[in-house]
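Engineer: Starting from the known structure of chain A, arrange chain B with the ligand on it as the hints suggest.
Heads up: the sequence lines are chains A and B, in that order. Residue numbering for the first sequence follows the numbering used here, starting at 2 and increasing by one per position. Residue numbering for the second sequence follows the numbering used here, starting at 610 and increasing by one per position.
Hint data in this document are derived by calculation from the structure and do not stem from the laboratory. It is possible that part of the hints are untrue.
As the list claims (entries may be wrong) - With a straight-line cut-off of 25 Å between C-alpha atoms, the simulated SDA-like cross-links for lysine to any residue are:
1. Lys685/B <-> Pro193/A
2. Lys403/A <-> Arg291/A
3. Lys743/B <-> Arg614/B
4. Lys317/A <-> Thr613/B
5. Lys317/A <-> Leu103/A
6. Lys317/A <-> Gln676/B
7. Lys685/B <-> Pro136/A
What the hints assert, rightly or not - Only some residues are given here: those of chain B computed to face chain A with a beta carbon under 7 Å:
8. Arg638
9. Arg675
10. His681
Since this is a predicted model, take the numbers as computed values, not measurements. No residue lacks a Cβ here, since even glycine has one placed at the ideal position from N, Cα and C.
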Amino acid sequence: MADNGKQHAPHRGDMTGAKALWATLANHGISTVFGYPGGAIMPVYDALTFYPEVRHVLTRHEQGAAHAAEGWAKATGEIGVCMATSGPGATNLVTGLADAMLDSVPLLAITGNVASHLMGTDAFQEADITGITLPITKHNYVVRDVEELPLIVAEAIRIARSGRPGPVLVDIPKDIQLAAFHGEIPAPHARPEAPAPSPESIERALDLLRGAKKPVIMAGGGSLDASAEITALARAWDIPVITTLMGLGAFPSSDPLWLGMPGMHGSVAANRAISEADVLLGIGLRFDDRVTGRVSGFAPNAAIIHVELDAAEIGKIIRTHVPVRGDARQAAQLLAEGAQPTPRPEWKAQIEKWKSRTVTPETYGAGYAVKAVVDRLRPDDILSSDVGQHQMLAAQLARFEKPRRWINSGGLGTMGFGLPAAIGAGMAEPGVRSVVIAGDGGFQMTAQELATLKMYDVRNVKICIINNSFLGMVRQWQELFHEKRYSEVWLGDSNPDFIKLADAYDVPGYRATTAEELPAAIDAWLSDPKSALLEVVVPHEHGVFPMVPAGAALYEMIETEPVRSPDLSAQMQDAAEEASEA
Amino acid sequence: MTDTRDHLLSILVRDEPRVLTRITALFGRRGYNIRSLSVGSTEHPGVSRMTIVVSGDRGVVEQAIRQLEKLHDVVKIIDHSLEKYVDRELVLVKVAITPESRVEVRQIAEDFRSRIVDVGRHALTFEVTGDEGKITAFIEQMRPFGILETMRTGRIALTRGSNADIPAHVYHEGETQALQPTLEVQPREERARHVPNLF
Ligand SMILES: Cc1ncc(C[n+]2csc(CCOP(=O)(O)OP(=O)(O)O)c2C)c(N)n1
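Isolated chain A, as found in the complex:
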């Protein structure tokens, strides 16, 4: 690495810990850092001015910085970097770190801290951020010696990217940032090879597949980089493929073998196929409870083959008959090489029947609007979502031909994720449209990031707000499981005028309120040369179906929306008026 021309001279003027940090990041090819300054990280921000090769993006909240870094990482597969000051800055990163942990996103978080001699004294803006983030990071460090700083950062990057990726935090006391550094700036670690699956495990998996009458493949977020191999595998064996929420894009949606998404809001075909399968080949997934439904009723007839890098995930939730520990790519390739397609006409016919039970939203509502938007996406477009009904609708209705075009908060279900993640993804791939679908609730959790769009003149982020005046997903649960006691989910009266809000940040706004207005509004919004916002005002009470109620088995899914009592919004209005009179 020393003479590739990229490495910095170890001493750029008087080198401090802060400069050593930037030199190390630059050496690792980090081009963009999302962050927010403050007292305890000021030496780092000062040193930044000497490193023009690294772009710092000033978000409006540290949570925004963390999610933007996640969006960057999810779109590119490369590590995302975020930065914050001590105390409140650091704690504002916490949600993003937890999100990255559950979705296995490679993330490096740098936090400043009070000077070493003040640590542990409850000093101004001191928080024990390594203690706080212990359970939500892959690993974390406090730098105690400036000479170790670059080595720690290099190791943190290695840990974040290797094996099952995840977030790593490096906390740097202020005196360490200011201390003189004399060492060398390390070159990046080589990316470790993922372990190859053992030949015996592959042989046992092949045995099972050969005898299978009703096989199905289920691909998760850990299979995204094995998409080509999984596609080849499925086609070689002629086995239908289910992609989890995190795995959408691992297998092309246009392929007739694709059955959609499993789980709570999964497709009829996916959930029925799992329930009937005799062999289930899971690749790069962790059998989240939103995917499995009631565990005892999950794939009750199937022998399970589980291909997974993280040994701790094998057998954690679902009993595994053939564990295949190792790299998804190599495993898929080996399984494809052993392919012996057997005609299974009955299974295929059954699957076709289930596939025909797809629910398409026909009347104007959230689903209709989401479908109208996602139908207009090009294969290269990145689609992000926030969390709620619109997220599940987007996951059900969007079609992905490639991996890393779908970005959402799967494991943690973080409202407020969508906009900053779309900004991060849009900045990672400026030539590509970065579309985000959000609800009126979640959008307001990080709406201030519109300022980031304005500040950096980002032009490719397209924001769509599905405005149903409700915290829709919670309302749906209240409707189904709490006898329609709509407790604290009505937003309608207090929502801002989203177009005016966007206008305040120089973001052009468009609005549609009917099915008739929708196509033209989408056109105008997508063809606007700038980043733009589209608000789609939809009727209040639409649900997302199919749905597997919490605690039920996948085969107990409710396929279509139950008939509802009318005029819910009127009730809510009345309630609000009563409350304000009281």
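Structural biologist: Quick look at chain B with the ligand alone, frame taken from chain A:
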């Protein structure tokens, strides 16, 4: 319910700040119950050794081991239930005595090869070392006289024989036993990077 019993694990960890928190937090968060925990240094500078007794069925222990293996501070895990081992615990027991009971108490202590470490007018403090059965028996013998205070160090263990005799699976370097024989466990060289010439 499946067979729930105590499992003895030795965990070799890098001697760095927060290691103890990281390990115990992992047990706590995932709901594994630690019955006993002891920590001390080893023959390798920079490496500490913990003996943890965790109760649960085989599945719980396997899951705990795998989660532990992911921690970057963890150098090696030895699951003693897979091999023969020696284990010991040190206990201090303060027993009330009267002029009448004094001789009998001393006699019991002698039978257990226990040493007196403190002599008071109304109490004797004994040191007992042994496996769990011996210590329990000792305490039960003393109970009728009145136990004033006890302190146990927690169990510690070593595998029997020279390390070369220990099959790889005990160190979880080869195949893991709990699931299927085809499962390998992450190579450990990488993790041992900071630790000179371990094993
Ligand atoms: C930070 C956070 N707080 C609360 C929740 C719980 N929650 C899940 S979905 C949802 C409603 C989302 O409403 P909205 O953003 O309007 O989207 P919709 O469901 O209406 O599409 C809520 C409150 C969450 N997921 N994240």
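Engineer: Each of the hints needs a verdict: does it hold here or not?
Structural biologist: Hint by hint, here is what the structure shows:
Of the pairs offered as hints, the one joining Lys685/B and Pro193/A holds, with about 20 Å between alpha carbons and a cut-off of 25 Å not exceeded. As the CA atoms of Lys403/A and Arg291/A are separated by approximately 24 Å, the hinted pair is consistent with the 25 Å bound. For the given pair, Lys743/B sits about 19 Å from Arg614/B by alpha-carbon distance, which is consistent with the 25 Å threshold. Between Lys317/A and Thr613/B the alpha-carbon distance is near 17 Å, which keeps this suggested pair within the 25 Å criterion.
In summary, the hint linking Lys317/A to Leu103/A is supported, as the alpha carbons are separated by about 15 Å, within the 25 Å threshold. Proximity of Lys317/A to Gln676/B is assessed by CA-CA distance (about 10 Å); at most 25 Å being required, the pair is judged to hold. Restraint check for Lys685/B and Pro136/A: the C-alpha separation of about 21 Å stays at or below 25 Å, so the hint holds. For Arg638/B, the shortest C-beta to C-beta distance to chain A is roughly 6 Å, which falls under 7 Å, so the interface hint holds.
A least Cβ separation of about 4 Å between Arg675/B and chain A falls short of the 7 Å threshold, and the interface hint therefore holds. A hinted interface residue such as His681/B counts as satisfied when its beta carbon comes closer than 7 Å to some beta carbon of chain A; here the least separation is about 5 Å, so the hint holds.
The structure meets every hint from the earlier list without exception.
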